[in-house]
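So the sequences go chain by chain: A and B. Numbered per my numbering, the first sequence finishes at 133, counting up by one with no gaps. Numbered per my numbering, the second sequence finishes at 423, counting up by one with no gaps.
Simulated from the structure, these hints should not be mistaken for laboratory data. Some clues are possibly wrong.
[What the hints assert, rightly or not] Examples of chain B residues toward chain A, derived with CB under 7 Å:
(1) Ser207
(2) Thr265
(3) Ala339
(4) Thr375
(5) Trp378
(6) Thr381
(7) Thr402
(8) Lys404
(9) Ala407
(10) Thr408
(11) Pro418
[Said to hold, decoys possible] Derived Cβ-Cβ restraints for the label pairs, each shown as a range:
(12) B:Pro341 <-> A:Leu51: 49 to 55 Å
(13) B:Ala290 <-> A:Phe44: 36 to 42 Å
(14) B:Ile296 <-> A:Val71: 39 to 45 Å
Note that beta-carbon positions come from the ideal geometry of N, C-alpha and C, so glycine has one too.
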Amino acid sequence: MHADVAAPDEVLLEPVIWSLFSVGGFITAFLLPVTLFLLFFAAPFHLWPFDPAAYGTFLAHWKEPLVRLFFFVLIGGSLFHGTHRLKFMLMDAGFKGPAAEALLDLILNGVAIFGSLGALYYALRGWLF
Amino acid sequence: MADSEVVFRVSRYRPESGGRPTFQEYRIPYRSDMVVLDGLNYIKDHLDPTLTFRWSCRMGICGSCGADVNGRPRLTCGTYIRDMRKGAVTVEPLSNFPILKDLVVDFDDFLDKLASVRPYIVRKDWGDLSKEYTQYPEDVDAYRQQSLCINCMLCYAACPVFGASPEFVGPAASALALRYIRDTRDDGAAERLARLNTKTGIWECTFVGECSVVCPKEVDPAAAIQTLKFLATTRHMRRLLMPGSASR
Ligand code: SF4
Ligand code: FES
Numbered sequence: 005m006h007a008d009v010a011a012p013d014e015v016l017l018e019p020v021i022w023s024l025f026s027v028g029g030f031i032t033a034f035l036l037p038v039t040l041f042l043l044f045f046a047a048p049f050h051l052w053p054f055d056p057a058a059y060g061t062f063l064a065h066w067k068e069p070l071v072r073l074f075f076f077v078l079i080g081g082s083l084f085h086g087t088h089r090l091k092f093m094l095m096d097a098g099f100k101g102p103a104a105e106a107l108l109d110l111i112l113n114g115v116a117i118f119g120s121l122g123a124l125y126y127a128l129r130g131w132l133f
Numbered sequence: 176m177a178d179s180e181v182v183f184r185v186s187r188y189r190p191e192s193g194g195r196p197t198f199q200e201y202r203i204p205y206r207s208d209m210v211v212l213d214g215l216n217y218i219k220d221h222l223d224p225t226l227t228f229r230w231s232c233r234m235g236i237c238g239s240c241g242a243d244v245n246g247r248p249r250l251t252c253g254t255y256i257r258d259m260r261k262g263a264v265t266v267e268p269l270s271n272f273p274i275l276k277d278l279v280v281d282f283d284d285f286l287d288k289l290a291s292v293r294p295y296i297v298r299k300d301w302g303d304l305s306k307e308y309t310q311y312p313e314d315v316d317a318y319r320q321q322s323l324c325i326n327c328m329l330c331y332a333a334c335p336v337f338g339a340s341p342e343f344v345g346p347a348a349s350a351l352a353l354r355y356i357r358d359t360r361d362d363g364a365a366e367r368l369a370r371l372n373t374k375t376g377i378w379e380c381t382f383v384g385e386c387s388v389v390c391p392k393e394v395d396p397a398a399a400i401q402t403l404k405f406l407a408t409t410r411h412m413r414r415l416l417m418p419g420s421a422s423r
């Protein structure tokens, strides 16, 4: 006989972290490779119409709030995705248990949060302050 | 007509004598149309009546004949011996479950988990029970894939997360929760998502995906869990941002 079992308490943080991870997955899978290719391969290796004043052009575009927002989301999203994925890879590899998971959360979420704050600082610097 | 022999290495465990499971070898006549369950039944009928295993339908419907065959969870009635690598066929009880005897494992824990996601239609108001609750083909299409689950437990045997954290609600119970959430006659989505949005719920899943690889009915429980994560997150966000809104 299997009576209904009392449901455990709902969690508050996991859905939020997972949504950042999920959006970050999209960014990491699509936007990051394209951005890295354009900035670090296509331009220097002349695969793209090469602009000798590329840095100046980039700097001019960097003033646009949308460009800053793009890079902030790109870096923050990739960090949240990467650290969440790394946490679960380490857990699958045997780094399990409440203490180990708390340590992973602290270090990896810390990296993602501080990295995103750093990206936010550079996105706002010279624009808002 | 049997044209050769095949060796079966079968895990034996007798609870009354304690100790660890051991392997016993049997040589059985081989025909190219034999499935692993045929081999086990040959052993039971002709060589060793004490060998204990579950089966019923012999056609991939009842879900009772699962075992680890050559290290991978499979339905023994759907696994041809000719498709195995040359040499012995090794048959063990499904991993990650307590063994009751030989190849028979204890699923009680799964039944509790299944009950916790309410695998039936929940309605706030049954209304007029004499009227039909119509289902159009597109309504059925929404949950057909998850409704194919036969509770064979191969997905739990393949899941390393369930192996490491037995309290994880697991693939099949999650897929069945989604089956009822997607049913247009059902009002129980909020309760199920509340159950799954817990420490032992869907967030334990690290998307290894082995459950979907071994599933014999193409239920794709890994995808079901990802869909549930999305549904649970939207419900959670809605409740955080609009506390007065409906909980579904
Ligand atoms: S989801 Fe697939 S593998 Fe899991 S119990 Fe159902 S039919 Fe079996
Ligand atoms: S005997 Fe029924 S599924 Fe194999």
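Hint by hint, work out which the structure violates, then give me just those numbers in ascending order.
Of the numbered hints, 1, 2, 7, 11, 13, 14 do not hold.
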